[in-house]
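Read off the chains here:
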Amino acid sequence: MMGEPKVLGQLAFQFAIISLIAIGGATSVLPEMHRMVVDNHQWMDSSTFADLFALAQTAPGPNVMVVTLIGWQVAGFAGALITTVAMIGPAFLLTFTVSRFLPRWRRTEWYRVVEKGLAPLTVGLVLSGAYLLTRATVDGVPALIVTAATVAYIFFLKKNPLYVLIIAAVIGAAGLV
Amino acid sequence: MSGLPPPPDGFSVPPEVTEPSVGCRELFIGFFSVGIVGFGGVMPWIRRMVVEQRRWLSEEEFVNLLSLCQLLPGANVGNFAVCIGSRFAGFRGAVSAVAGLYCAPFFIIIALAAFYSNFSHIPVVENMFRGISAAAAGLVIAMGIRIAMPVCRTPRAIAFTILAVAGVLVLKLSLVWVIVVLAPLSIAAVRFVGR
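Protein chains in written order, with our numbering: chain L, 2 to 178; chain D, 332 to 526.
By construction, these hints were calculated from the structure, which means they are not laboratory data. Each statement offered as a hint is correct.
DMTMM-like, lysine to aspartate or glutamate: derived pairs with alpha carbons at most 20 angstroms apart: (1) L:K159 - D:E383; (2) L:K159 - D:E390; (3) L:K160 - D:E390; (4) L:K160 - D:E383; (5) L:K7 - L:D40; (6) D:K503 - L:E33.
Same shape as in the complex, but just chain D (with noise of 0.2 angstroms):
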């Protein structure tokens, strides 16, 4: 592939490697549409409104741009909105899409908190937040499921997820530390065996 010259143009890109084109008002209310249904968790909003509603990415991708996200710092859903934004429309996407993420739940937060010093604490929104957070749980669990579809094909792969969920349920290690042990293990594991 490798040795071929460069196309004159636009035309002889090979359709897998088209991108969907898309612009910074799009991305803005993409991510905007995620900011304001995302109660007790954002992550399975994004992957489905990108991989399931938009089409901005494959699931095999989405996995591959989680993992990237979780090795940087700050909010992961924070960090996908970046990513996602700066590779469709550069500098601009990235600010729009992390714009429209934040945007509405700034000032939600901030009426809750101007309203109610105590929330929370009141028992129809306490109870209703028991619902909410039982709900948001399984939404998180079938996004585990979704994400491990395309990933759990190989003897490796399936050893290394349950490796990573043993090192945080079973030996309650912290994220960095699953990463920094498991990481170099795994990536040599896809080295050896090829696959």
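Excised from the complex, chain L in its bound form (with noise of 0.2 angstroms):
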């Protein structure tokens, strides 16, 4: 299973499809990734692609590397690394291609004025995305008060968040949240 070369060539060409459409990241395509993998491709089932997003979520790194697991899962390390490429490598040159132009577009009254109007939205994105993530996740006062906790670590004491981290892996691992 290792080196199907046709099965790998399936995983690059959908993947580097699913890299550029991803606008928003990984997580907006995984209705897609699972339509392409479990529906038509049949490459795993249903419970086993939940199981792959489960493993990403635990693992450090970009949600991205989802796709990682799954290139694994369907043809070894092989399928892990066209994967991985395949996720990365568009992507990759339309951002570099964009960021060749932003010196010059920086100087720019057009650009500022973009920037500035899209500040905001960002801003707004990267709230809601934090409202959500903590709706699925935080399920009891237990883990709102890990939360709570962290955010005020993180503005009161400027420590390292790695140790904030770290505490809440053993306050999980004990079984208190």
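Could you use the hints to bring the two separately framed chains together as a complex?
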């Protein structure tokens, strides 16, 4: 199963396309990935897909790493590598191209106006994303206390957030959250 | 400003225009360090690394770059790494930053998958991640407040922040629709209100 070139080619092609429609990141194309992986190609069943997503959430790093797991599940290490590169590559090239124009744009009046107009929307999107994330993960008073304590820690102690994650992990492992 | 002849050498560049010089190695290490700790979302860690620790960007620049990265397809954090890398060290910088961001999580996630096909269902792990997720949500909230501070200083900016929140939470629109509908209005508002 490691080296089936046809499957590897399909993975590369499919995820390259997904990469280019993933505005807002991997989470926004999750339904599309599910349709492709589970329904169209029948590479895995729905519950395996859900398991991979859960596992990806557990690991450190960008959410997009769920595609690495999908590739791994379908075609082993080669699959993981190809899927990851296919997911990162096209977006990389597009973003890089845009980034080369940035120094020039930033000196123009229109771009400053656009930036100024987009900034509040970005803030709004991050804040509502934070709310949705909290709603999805915080399901009781203890969890809410951990969330609130984390916010307070960031603002008042200004220490490395890693400590708060470790403490939260220990409290969680002890079954208190 | 535009009427002045170009400076003959680097000396006459005003200080606020000079950028920190950042090499490929630093870009790789910086993004590597957020890749390995970024549980439950990497963006708060990137903001901390780029704005607070290494001071590669100001708070405003961070928000502006984040706006752009949200508009482009692909992982926002990946796009962010590309933009930062490209800005400071061109193509090689972009590759360094992206490689730094993804390399550790790539191997960690494969190791987890190889050893535990059902890792996330082990009760202790599941409980541990309930704790981590609750804290990670706090990190995103804190980042939201942080980036709101330099932006939400005018009634116009506050109004459009509220509209974006309402679009997502009340009307349940996707990111794309919020941008498509609100961006033209918000940009026009900057034009008319002036600030």
